[in-house]
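Asks: Residue numbers (our numbering), protein chains in the order written: chain H, 1 to 403; chain P, 404 to 548.
No lab work stands behind these hints, which were simulated from the structure alone.
Heads up, a few of these hints could be off.
[Unchecked claim] Selected chain H positions facing chain P (in silico; Cβ < 10 angstroms): (1) Q350; (2) H359; (3) M363; (4) S397; (5) L402.
[What the hints assert, rightly or not] Listed next, the stretches of chain P that the computed footprint assigns to chain H, with coverage defined by at least 3 CB atoms under 8 angstroms from CB atoms of chain H: (6) 454 to 462; (7) 485 to 493.
Just so it is clear, CB atoms sit at the ideal spot from N, CA and C, and this is done for glycine as well.
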Amino acid sequence: MDFTQLRAQFPTLEQTLEGYPLCYLDTAATSQKPKRVLDAMVQYYEKDNANVHRAAHQLSSRATSQYEAVRDTLRRFINAERREEVIFTHGTTEAINMVAYGLTTQIKKGDLILIDTAAHHANIVPWQQLAQRTGAIVKPIPLTEDCRLDETAYDTLLRDKPAIVALSHVSNALGTLNPVSSLIARAKQAGALTLVDGAQAIAHLAVDVRSIDCDFYVFSAHKMYGPTGLGVLYGRYEILDTLAPLISGGEMIKSVSFEATEFNILPNRLEAGTPPIAEVIGLGEAIAFIDELPSVETARQESELICYLQSQLEQLGDITLYGAHKDNIGAVAFNLAGEHHQDVGILLDQQGIAVRCGHHCAMPLMQSLQIKGCCRASVGVYTSKDDIDNFITALTSVKELLL
Amino acid sequence: MSQAAQPATEAFLALKLDSSEILPLFENANNWQERYRQIMLLGKTLPKLGEEFRIEQAQVRGCESNAWLYHQKIDNKHYFLADSDARIVKGLVALLLAACHGKSSEEIANFDIEGYFDQLGLTGQLSPSRTNGLFALAKAIKASA
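Bound-form chain H, shown alone (with noise of 0.2 angstroms):
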């Protein structure tokens, strides 16, 4: 498949706005879907569209076995070691939900849980209930000065044998890369349980749960090609298994009387009520259109750009860039001189561009870089060399008019 066949299959991409073509560098916010995703859907919704695991009728039937197939292409997707493992959820958030929910009666007073200082609120935020509820105490990892995790200050917090220990797998701001695996293998040395959340990685790179060796790890399907309300949370079965259910109801259950609810097994356990069965039958078709994409290239290019977005930023001059390294994933996250954020942004967006600009739901990180907000510029497979073009001609304009 060329690059022109590729892009091609994103119909969201072929519009002008304000006379300009669409520039859109906002994938680590949501992806474009290919047309095959919304076919998928909409194929679905025509043909198949009933409840799944309820009725006897062949419509249900058949919506049963493309939902759970879906499941099983999940499991080879991410390499985990049972179907059972994969559970749909409505997205990073509510996985991160669930763990943190889930884990209530295990966690005790004076508990330790680490987070990562550059996560996104949904990261923070239900560790921090968590710890209202229990009186555990949640502790940020620091970062080094050129923003990646301070792996020093990381062992040394390992030392107090943390019960948790929840990372980024990509910073959802600023796009760096952690070294999971190493990071996972000493926490778990340290005793900890673990959740890798993988929402700015999954569309990018081959993730192999299993060789990650982290317990939980989470994602959303709209960061990867697929529809919005439907995510992922991985769990080892074991660890799973023990989980109190966030949502409780229908499906989930294996009898219910007035005196009592029997609960069912995973994975049905974790997932109560009717699913968003149109978007997991999107998804498959998403991991469809990954799996078809050769991806030693598609790493490479988008490696490239990444690499050459940095370079023309820096070029252009009168550029702020917030961990802007090699091996970043997917994003850049950058200020224009003292301009705020949002000026750049209002006059990018006159100009066609879809950037972020903002806090980045990462309120913590940006108070870390002592700054109010920063602007993103993310990547996707069907982002061109002109796209980065485009975008620093309109930066160039902007400049222009600002300083």
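Mind docking chain P on chain H? Use the hints.
Replies: Then chain P, alone, in the frame of chain H:
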């Protein structure tokens, strides 16, 4: 908006903004660069609020940048002072004030904010989903009048 401290009445009255003078500037702007240059120049006509007034109680929610709004009713007319730490947002705020500053409750109630921004060639800036918070500011102005 209940505020602990209020700028002095003179400060409200000292602000002179008139949309009839501003509109031609935008009509004569022949590209977006010129339009935004005018917005930023206009922003500079708004006095900078002192630190004592850049407080949470005066902050308008829904802005990615910080924006503060003060209101006073003098002789049955509404007067405003506002500031933002982002330059374009401050200019957009000035545009909004230009249409409402020194007007009566009835004039403000009848003022078609969307039409006004369309006329200025700034369609889309005034939308509840925009993080610049202009919509929230417009709502706050309408509510205070």
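Asks: All hints are to be evaluated individually against the structure, with a verdict given for each.
Replies: Results for each hint:
no. : hint       : result
1   : Q350       : holds (5 angstroms)
2   : H359       : holds (8 angstroms)
3   : M363       : violated (12 angstroms)
4   : S397       : holds (7 angstroms)
5   : L402       : holds (7 angstroms)
6   : 454 to 462 : violated (count 0)
7   : 485 to 493 : holds (count 5)
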